[in-house]
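For this one, chain G is given, so just place chain R on it according to the hints.
Protein chains: 2
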Amino acid sequence: MSTSTAAHGPLPKIPEGSGQLQLGALVFDNADLLDIMGPMRIFGEESNRLNIKINFISSTLDPIRTSQQVKITPDYTLDNAPKMDLFFIPGGIGTRTYANNEDLLRKVTARVKESTWTMSVCTGAGVLARTGLVDGYSMTTNKSVFEWPVSQGPNVNWVKRARWVQDGKFVSSSGVSAGIDAALFIVSELTDMKHAEAVATEIEYTWHKVASEDPFADDYEYTRS
Amino acid sequence: MSTSTAAHGPLPKIPEGSGQLQLGALVFDNADLLDIMGPMRIFGEESNRLNIKINFISSTLDPIRTSQQVKITPDYTLDNAPKMDLFFIPGGIGTRTYANNEDLLRKVTARVKESTWTMSVCTGAGVLARTGLVDGYSMTTNKSVFEWPVSQGPNVNWVKRARWVQDGKFVSSSGVSAGIDAALFIVSELTDMKHAEAVATEIEYTWHKVASEDPFADDYEYTRS
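Those protein sequence lines, which keep their order, are chains G and R. Read in order, the letters of the first sequence correspond to residues 1 to 225 in full-length UniProt numbering. Read in order, the letters of the second sequence correspond to residues 1 to 225 in full-length UniProt numbering.
No lab work stands behind these hints, which were simulated from the structure alone. Check before you lean on any hint, since a few could be wrong.
Stretches of chain G that chain R covers, calculated by requiring three or more beta carbons in the stretch to come under 8 Å of a beta carbon on chain R [claimed, not checked]:
| no. | segment |
| --- | --- |
| 1 | 169-176 |
| 2 | 203-214 |
With a straight-line Cα cutoff of 27 Å, these simulated DSSO-like cross-link-like pairs (lysine-lysine) come out [claimed, not checked]:
| no. | chain 1 | residue 1 | chain 2 | residue 2 |
| --- | --- | --- | --- | --- |
| 3 | R | Lys71 | G | Lys71 |
| 4 | G | Lys83 | R | Lys53 |
| 5 | G | Lys160 | R | Lys209 |
| 6 | R | Lys53 | G | Lys71 |
Quick list of simulated restraints, FRET-style, between CB atoms [said to hold, decoys possible]:
| no. | chain 1 | residue 1 | chain 2 | residue 2 | range |
| --- | --- | --- | --- | --- | --- |
| 7 | R | Glu114 | G | Asn157 | 47 to 57 Å |
| 8 | R | Lys194 | G | Pro10 | 16 to 26 Å |
| 9 | G | Asp218 | R | Asp218 | 42 to 52 Å |
| 10 | R | Ile14 | G | Asp219 | 25 to 35 Å |
| 11 | R | Asn155 | G | Ser18 | 48 to 58 Å |
All C-beta atoms, glycine included, are put in the ideal place defined by N, C-alpha and C.
Extracted from the complex, chain G is given alone in its bound form (with noise of 0.2 Å):
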């Protein structure tokens, strides 16, 4: 694990007196519907020993249209949703609303900077860019469309060989897929390896454990070393 390099310290632990943690995913039109639905499966697995409430927050309370046809109801409004432990943004061709729209990054930016922890998945980095919080955190985005993000966040540390990065209370992932890798990173933070490791066999994925190991760099100009 590459923790003892981030620059802003370890992932915080788990504060005392938390009762059930409450999971945020932002949720939007054209958002990937494995970026959400992958860290979902490893956050909801009643073996992680974490218990985790997932909630679904979006704009308004409209149902959302995932890229692959699949709609999600959100339960609450970035407006009305209690105070999310874990706050999630996952990417998708729809982060770009976000990116361009003050009033939703204002609102985005207060629900991140109250989260105890952030995840971003693949281009759900270039929303968190935009929050300006990341300034100077290292952070990774998927490596197809590398630049977009990387235009979000001039003054972001962007790590182009990584499978997930972990600064302080950020952790994001590289693209769809490697958002599994970081929630099972975040779970073998907040419980042990052991536990990470039993929710990875339970669902028969091989868990990419090593953070800098990142096969999908080299097949990308940009991200090529």
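Okay, now just chain R, sitting in the frame of chain G:
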């Protein structure tokens, strides 16, 4: 690929004159979230060149609640859904309801019969086995509760070490994440390997391309060899 050893021949090709392919995914309370969403991410991916419409089918039109708290609203019931080219059966503890309900099983059996391809993930194999249509066929299922699907189909040739198994029109996958591998296999058979690889790279997924290389069989006594 192991198609040459399938006793009932290779996966059927797309019938001449097919327009948009209709995928019917059986959904039910306590279906496994990633069993469903992993393959849907692959089949719904534009770059797979297959033009597949995803339809969720259930016993009623009431929203169903998957194992990870995520609700899905069905598009059709088993009674009113049109013919589906690809019929898809996920796993999850909710499979027991189907296996023990003759009326539901009769309806599922009709759907499997009329489909060009049928795919199961995880313990969805137990439901498929109960239709009787796979007697004498080779199948696999998840490793942690292998015994249950086996008990539902004593005349099926169960393969203990396989990421997925294809036999004639049937493709059965091992547990949860293995559904992604099997879906990529189906894409490779219906288009070509290059397109399937492009989809895997697009979602930064390390595809287990060799069906017989199953790292999870050794984790459980029943499937260890």
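Now for the hints, and whether the structure bears them out:
Beta-carbon proximity to chain R at under 8 Å applies to 3 residues in the segment 169-176 of chain G; the threshold of 3 is reached and the given coverage holds. Check result for the segment 203-214 of chain G against chain R: holds, 5 residues qualifying (beta carbon to beta carbon below 8 Å, three or more required). Proposed proximity of R/Lys71 and G/Lys71 is supported: the alpha carbons are some 9 Å apart, at most 27 Å. Taken as a hint, the G/Lys83 and R/Lys53 pair is broken in the structure, with Cα atoms around 37 Å apart against an allowance of 27 Å.
For the hint pairing G/Lys160 with R/Lys209, the CA-to-CA distance comes to about 26 Å; that is within 27 Å, so the pair holds. Taken as a hint, the R/Lys53 and G/Lys71 pair is honoured in the structure, with Cα atoms around 14 Å apart against an allowance of 27 Å. The given range of 47 to 57 Å is respected by R/Glu114 and G/Asn157, whose C-beta atoms sit roughly 55 Å from each other. Against the hinted window of 16 to 26 Å, the Cβ-Cβ separation of R/Lys194 and G/Pro10 comes to about 42 Å, which falls outside the hint.
Checked against the hint of 42 to 52 Å, the pair G/Asp218 and R/Asp218 fails, with Cβ atoms roughly 30 Å apart. Look at R/Ile14 against G/Asp219: about 28 Å separates their beta carbons, and that is inside 25 to 35 Å. For the pair R/Asn155 and G/Ser18, the beta carbons lie near 51 Å from each other, so the given range of 48 to 58 Å is met.
In terms of the numbered hints stated before, the structure departs from hints 4, 8, 9, listed from lowest to highest.
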